[in-house]
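Residue numbers (the numbering used here), protein chains in the order written: chain E, 11 to 337; chain B, 56 to 173.
No wet-lab data here; the hints were simulated from the structure.
Small disclaimer: the values here were computed from a predicted structure and weren't measured.
Even glycine gets a Cβ: it sits at the ideal position worked out from N, Cα and C.
There may be inaccurate statements among the hints.
Capping the alpha-carbon separation at 20 Å, the derived lysine to aspartate or glutamate pairs in EDC-like fashion look like this [as the list claims (entries may be wrong)]:
| hint | chain 1 | residue 1 | chain 2 | residue 2 |
| --- | --- | --- | --- | --- |
| 1 | B | Lys97 | B | Glu79 |
| 2 | E | Lys161 | B | Glu130 |
| 3 | E | Lys151 | E | Glu260 |
| 4 | B | Lys68 | B | Glu134 |
| 5 | E | Lys77 | E | Glu105 |
| 6 | E | Lys40 | B | Asp75 |
| 7 | B | Lys57 | E | Glu125 |
| 8 | E | Lys40 | B | Glu60 |
| 9 | E | Lys302 | E | Glu244 |
| 10 | E | Lys213 | B | Glu130 |
| 11 | B | Lys140 | E | Glu38 |
| 12 | B | Lys57 | E | Glu38 |
| 13 | E | Lys151 | E | Asp182 |
Over 12 Å on every C-beta distance to chain B, these chain E residues come out as not near it, computed from the model [as the list claims (entries may be wrong)]:
| hint | residue |
| --- | --- |
| 14 | Leu64 |
| 15 | Lys212 |
| 16 | Glu234 |
| 17 | Glu236 |
| 18 | Thr249 |
Just so you have them, the derived chain B footprint on chain E, three or more residues with Cβ under 8 Å [said to hold, decoys possible]:
| hint | stretch |
| --- | --- |
| 19 | 101 to 112 |
| 20 | 191 to 204 |
| 21 | 293 to 306 |
Okay, here's what each chain looks like letter by letter:
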Amino acid sequence: MKSADELKTATSLTSAKDITRVQELVYEMKVEQVMAHDVITVDPSLPMSELRALLRDKRISGVPVVKEDILEGVVSIEDFIRYLAEGQPNCSVSERMQRKVNTLFDNDSLVRAVEEFDRLGYGRFPVISRNSGKLVGIITKGDIIRGLLKKMEIDYHAEEIHRYRASHIFEDIIADKTTLIFQYKVFSRDFNRAGETSSGLKKTLRRMGISPQIIRRVAIATYEAEMNIVVFTEGGEITARVTPEEIRVEAVDDGPGIADIQKAMQPGYSTAQDWVRALGFGAGMGLTNIQKCSDEMHLVSRLGEGTKLEFIIHLNNVFINAAAHHN
Amino acid sequence: MKISEVIKILDCKVFTGEKDLDREVELGCGCDLMSDVLAFIKPGSILLTGLINPQVIRTVEIAEIFAVCFVRGKEPTEEIVNMAKDRDIILLSTTLPMFEACGRLYYVGMMGGYEVSR
Numbered sequence: 011m012k013s014a015d016e017l018k019t020a021t022s023l024t025s026a027k028d029i030t031r032v033q034e035l036v037y038e039m040k041v042e043q044v045m046a047h048d049v050i051t052v053d054p055s056l057p058m059s060e061l062r063a064l065l066r067d068k069r070i071s072g073v074p075v076v077k078e079d080i081l082e083g084v085v086s087i088e089d090f091i092r093y094l095a096e097g098q099p100n101c102s103v104s105e106r107m108q109r110k111v112n113t114l115f116d117n118d119s120l121v122r123a124v125e126e127f128d129r130l131g132y133g134r135f136p137v138i139s140r141n142s143g144k145l146v147g148i149i150t151k152g153d154i155i156r157g158l159l160k161k162m163e164i165d166y167h168a169e170e171i172h173r174y175r176a177s178h179i180f181e182d183i184i185a186d187k188t189t190l191i192f193q194y195k196v197f198s199r200d201f202n203r204a205g206e207t208s209s210g211l212k213k214t215l216r217r218m219g220i221s222p223q224i225i226r227r228v229a230i231a232t233y234e235a236e237m238n239i240v241v242f243t244e245g246g247e248i249t250a251r252v253t254p255e256e257i258r259v260e261a262v263d264d265g266p267g268i269a270d271i272q273k274a275m276q277p278g279y280s281t282a283q284d285w286v287r288a289l290g291f292g293a294g295m296g297l298t299n300i301q302k303c304s305d306e307m308h309l310v311s312r313l314g315e316g317t318k319l320e321f322i323i324h325l326n327n328v329f330i331n332a333a334a335h336h337n
Numbered sequence: 056m057k058i059s060e061v062i063k064i065l066d067c068k069v070f071t072g073e074k075d076l077d078r079e080v081e082l083g084c085g086c087d088l089m090s091d092v093l094a095f096i097k098p099g100s101i102l103l104t105g106l107i108n109p110q111v112i113r114t115v116e117i118a119e120i121f122a123v124c125f126v127r128g129k130e131p132t133e134e135i136v137n138m139a140k141d142r143d144i145i146l147l148s149t150t151l152p153m154f155e156a157c158g159r160l161y162y163v164g165m166m167g168g169y170e171v172s173r
């Protein structure tokens with residue numbers, strides 16, 4: 011089968027960066043997701059004389075021999091031919107079947123299944139439940155290819171829906187200029203909730219269909235800004251403004267303000283107390299990180315009054331392209 | 056490298072993600088400072104850390120990391136375990152100190168984000 015070679019190529023990772031969707035899927039998907047669940051099986055007591063009719067009627071070349079859901083062996087057309095050639099009297103399939111059978115587990119990854127097909131050259135593997143030890147299915151190379159294609163089709167549709175949403179949020183609103191505003195409250199020293207704002211904003215942007223690279227930058231910068239409010243201030247608010255051109259995030263707090271902004275901007279400079287450092291923060295990298303993730307950053311602070319941090323990430327028309335794609 | 060191999064190499068205890076041990080981690084990152092994690096970690100890395108609190112889970116969620124191994128025998132609290140479960144993050148723990156844990160993975164060929172980005 012030609013596609014089997016393609017599958018093989020797909021599973022041999024050339025470089026860490028070069029992962030195609032198929033490669034991702036063969037690692038993610040499990041045997042049970044693509045295997046056939048309805049397996050034709052025979053009882054060990056079935057006479058060999060009845061095997062031929064069964065294989066012919068079902069158009070199969072072999073069949074698992076099962077007693078009380080437990081796989082005892084496999085009997086194939088080859089076993090039948092050998093039995094005929096030897097001219098033996100009629101007997102049960104259990105006497106002629108192959109007892110040593112290579113199997114796969116239901117929760118094996120597809121990449122493992124592909125390796126086994128490749129290594130052993132068989133056309134099919136019985137699938138055993140890793141929990142119960144019972145026969146639960148059977149898998150062929152064709153099942154794997156069909157499973158992958160189906161999953162890619164589903165993913166493709168999901169992606170389409172994403173784009174649809176993303177484009178229509180701005181398209182359906184009739185205005186000369188549209189800005190979506192998301193506001194979040196950030197509480198001082200509340201470490202149980204610290205991170206909820208950035209996590210929430212991240213999910214929201216994902217639902218809008220914004221590209222993962224952009225989301226990652228917004229999420230990291232917002233998380234740092236959020237931690238700064240939690241750690242150093244009396245609380246504040248984070249506001250994200252999304253337009254087709256940019257995402258603008260504003261983090262405002264009520265003090266105490268930054269004494270020396272220039273110093274605060276130096277990588278590694280921090281006024282954090284030990285308890286903050288014990289939480290893994292206060293390394294003096296926060297503002298540096300925000301600057302690194304954003305296209306523009308503005309920081310204004312007055313001692314005793316508060317701080318306003320604003321950063322902007324350009325959407326580089328990714329959003330608009332997605333919209334145009336659907337027109 | 057599969058997570059299951061990492062578990063063998065570091066002799067890890069598994070707290071969450073038993074079903075996902077076939078997943079592949081491309082890179083390793085050893086770090087106790089969450090800001091540094093945010094600044095430098097590449098998606099698809101496993102984070103080795105001596106820090107153990109809910110912020111570790113928040114940080115890896117934001118940084119798109121799906122596997123964390125606590126070093127020096129630290130074990131996550133129930134709260135941390137539940138947070139990780141909700142986010143499909145694999146949590147492991149090894150008794151090895153940070154240096155040895157990173158060293159073992161590096162020795163068998165796992166790379167760091169810095170080498171890859173160069």
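*Taking each numbered hint in turn, which are not upheld by the structure, reported in ascending numerical order?*
Checked against the structure, the hints that fail are numbers 2, 3, 9, 10, 13, 15, 16, 17 and 19, while the rest are satisfied.
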